[in-house]
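Trainee: Chains L and F, in that order, give the protein sequences.
Going by our numbering, the letters in the first sequence line up with residues 1 to 228, in that order.
Going by our numbering, the letters in the second sequence line up with residues 1 to 540, in that order.
Everything labelled a hint here was simulated from the structure, so no lab data went into it.
No experiment lies behind these values; they were computed from the predicted model shown.
A few chain F residues that face chain L, going by a derived Cβ cut-off under 7 Å, partial list only: (1) Ile411; (2) Lys412; (3) Ser416; (4) Thr417.
Ideal placement from N, C-alpha and C gives every residue a C-beta, glycine not left out.
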Amino acid sequence: MMWLLSIALAGPANEAWVAGDHAVAREAWQAQIDEGAVSGDLYYNLGNAHYQLGEVPAAIHAWRTAQLLSPRDGDIEANLGAARKRTEDRIEQPAPETPILFWRTALSAAEQGRASCVLLALFWLLVAGWRLRRLPLAIPAVLTGVPGALLALSTLQSLQDFGSVGVVAQAATIESTASGGVALFELHPGAEVALGDSLGDKVLVALPDGRRGWMSSEALWVVDPSRR
Amino acid sequence: MSILIAIVAPVQAAQVLLDADTRRLKVGQSVGLHVTVVDGSSSRPDLPEVDGLSFVPAGQQVGIQMVNFKNIKTVTYSWQLTAEREGSFGIPSVPVEVDGTTLTTNPLRLAVAARDASEGETLTARISDDDGRLWVGQTLVYDLHFSTPKRVVDRRWTPPTFDGMVSEQDTDRRVREYQASIDGVPHEMIEVSEPLVVTAAGRRTIPPSVFTVQYPIRRQRNSRDPLAGFGGFIETKTEIFTSEAIEVDVSELPTEGRIDALWTGLVGDFTLTAQLSEASVALGESATLEVVLVGDGSLAGFSLPTVEEREGYRIYDDAVELQAEVVDGAFLTKGVYRRAIVPEAVGSIELDPVALQVFDANTGTYVLLESSAQLLDVREGELSSELESYSEGTVDARRDVADLGEDILPIKTDPSTRSGLFSPWALGGIGVLPGLGLGGFLFLGWVRSRQVHDPRVELRARLVDLDDDLGRLEDVFREALGIRLGRAAAGLEKADLEGLDEGLRERCRALYGELEAARYGGGAGGLRDRVRQLCEELIA
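Start from the sequences and build out the full structure, keeping to the hints where you can.
Mentor: Here you go:
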């Protein structure tokens with residue numbers, strides 16, 4: 001069903017884009033997402049449409065979402081770099097580090113999950129052959145089971161990363177407490193922040209330089225492809 | 001010394017060098033003077049006599065270092081140099097006989113100052129241009145000199161805040177420690193030199209430097225404590241010394257006399273030379289124009305002015321080689337800028353002179369530095385026939401792709417619709433459920449294997465499916481007997497039935513007889529039923 005919908009809508013969206021009607025293209029891609037399509041390419045195209053319409057914060061939000069779904073797509077990072085130059089707050093993004101579980105930066109959560117499922121299914125088949133048929137499959141079982149389990153753990157961790165970043169939608173004052181307090185600093189549309197605890201309609205946000213404070217969640221778009 | 005050798009090693013010939021522990025002394029002070037022979041054999045040279053200085057031989061040292069995979073021997077002849085009176089003294093080049101050839105060292109200039117009235121520890125700070133006006137952009141050296149007749153265990157310099165000045169970026173702070181003798185008393189001397197570039201005009205004050213020194217404390221040995229002093233621990237006393245503050249006046253550079261097109265921003269006393277590596281090259285080869293800028297100002301951030309492309313040759317800038325160091329309290333720098341000249345036609349090329357404007361801090365005026373024009377003769381070469389005009393033929397005439405504007409990258413025209421989401425339940429389903437199933441299956445098998453084996457139950461099951469096969473009837477009967485008698489069924493015969501009740505024993509014997517008769521074709525019908533009945537009685 002989703003496939004049919006995408007075929008039906010991709011044509012008009014592309015045609016509208018080529019014709020320079022970015023608003024129509026944006027609506028078409030947004031419609032696909034609203035119907036349940038969760039694809040990095042769709043979010044990427046949606047970001048492009050937002051950007052061309054001058055909606056830089058929305059473009060950043062769409063591209064950050066696309067990054068979670070297609071982490072190896074260099075076009076997304078390139079466009080994000082262009083959009084960040086047009087925001088008001090200069091926030092240096094932390095340099096990506098290569099973690100011990102290096103595949104976490106190379107594979108999306110879904111890719112990790114699917115790979116994990118394949119490896120674990122193979123693992124159980126090998127274990128069954130080893131235990132029930134007495135076949136010499138113990139070592140192959142370990143060689144598939146260990147990476148399968150690691151991928152499963154990192155999949156869960158990657159899924160937890162959904163919703164850990166937000167894009168400021170409208171100018172907001174960051175305060176020291178959830179109930180007000182001292183105004184610490186201001187953020188403007190397009191600023192990317194890490195999200196922490198939430199309390200009522202306030203959410204704790206943090207900048208890469210360590211500054212943190214509370215802001216209204218209504219002034220924030222959460223980067224989470226599982227939300228619509 | 002290793003740096004020294006590294007510099008001279010490529011020459012592949014013996015070198016002789018003259019150096020002193022310091023080139024600024026005070027009257028009555030004695031320091032080391034050294035003649036070093038690198039990669040050669042010699043005897044101790046004779047030093048020339050210099051009025052106001054005296055030299056006393058003080059031994060020699062031999063060392064071997066590996067440079068570029070070659071062992072290089074160095075012999076250092078030392079003297080104790082004593083300054084007898086105030087003034088400036090020059091030690092002329094010293095002739096040294098090395099492997100039958102007479103080589104000469106570099107000359108050396110020493111400055112001898114009057115004695116301080118104070119004795120003991122002294123800490124003095126000075127800047128290299130303390131007698132004149134400073135200019136924005138000028139490079140100066142902040143010198144700190146500490147001397148003490150005591151042995152120093154550790155020392156730490158706390159630099160002052162250089163307001164309106166920054167550290168020169170092409171050279172490091174220089175710290176020298178050496179021994180000297182003043183009126184026969186050995187002193188430890190510590191010199192710190194910090195090159196600075198002036199960045200702001202106005203009256204500036206360099207606050208006092210703080211020098212923290214740790215001296216060892218001598219204690220009488222405690223004869224009752226055999227471990228006293230064990231382990232090399234030294235008890236120390238800390239003393240803090242402060243220098244005097246230094247005040248300077250810094251002026252903005254004047255605009256009068258400045259030629260903006262040639263102004264380089266360099267401040268100092270500079271000389272400029274330019275030299276072509278070849279006077280004549282064949283077409284297809286290249287020559288190198290080496291422009292050398294030497295002076296006492298920082299060259300940080302400076303690059304040669306660009307030159308316009310001319311017809312007949314191309315120019316490529318090569319890597320820049322910068323050297324900067326503090327020598328005798330003065331900052332010296334040398335920049336070597338190389339340009340590759342690639343001719344494209346036979347003939348004569350006249351390279352324009354390199355012209356720069358710098359600001360001379362000593363005279364307070366702008367100075368135009370200009371090298372001489374260079375001529376390069378280009379003759380026919382092997383590749384002449386292949387080289388044609390720059391813009392046509394086989395010469396690579398491509399240019400970099402120029403940016404006309406900036407925009408985001410294009411959309412994906414065939415976007416993937418594969419869901420980027422993943423349910424953790426799927427992971428649980430595939431990762432855990434098969435494990436539970438397999439585990440349950442294995443658990444059942446384990447439970448079965450743990451159940452107690454009851455031969456009666458098994459035999460009863462066999463009796464249900466019993467047929468008329470004579471061999472199976474005999475087997476079943478023997479197993480039933482074995483169970484009853486508590487013996488192995490194999491080989492049980494009629495003679496083994498003594499343990500049974502008499503009635504049962506007779507019936508068993510009779511059945512043995514029937515089975516034996518049946519084996520030879522005799523016997524009555526219904527044998528299977530009788531076997532089954534008797535077996536059930538036996539295992540009941």
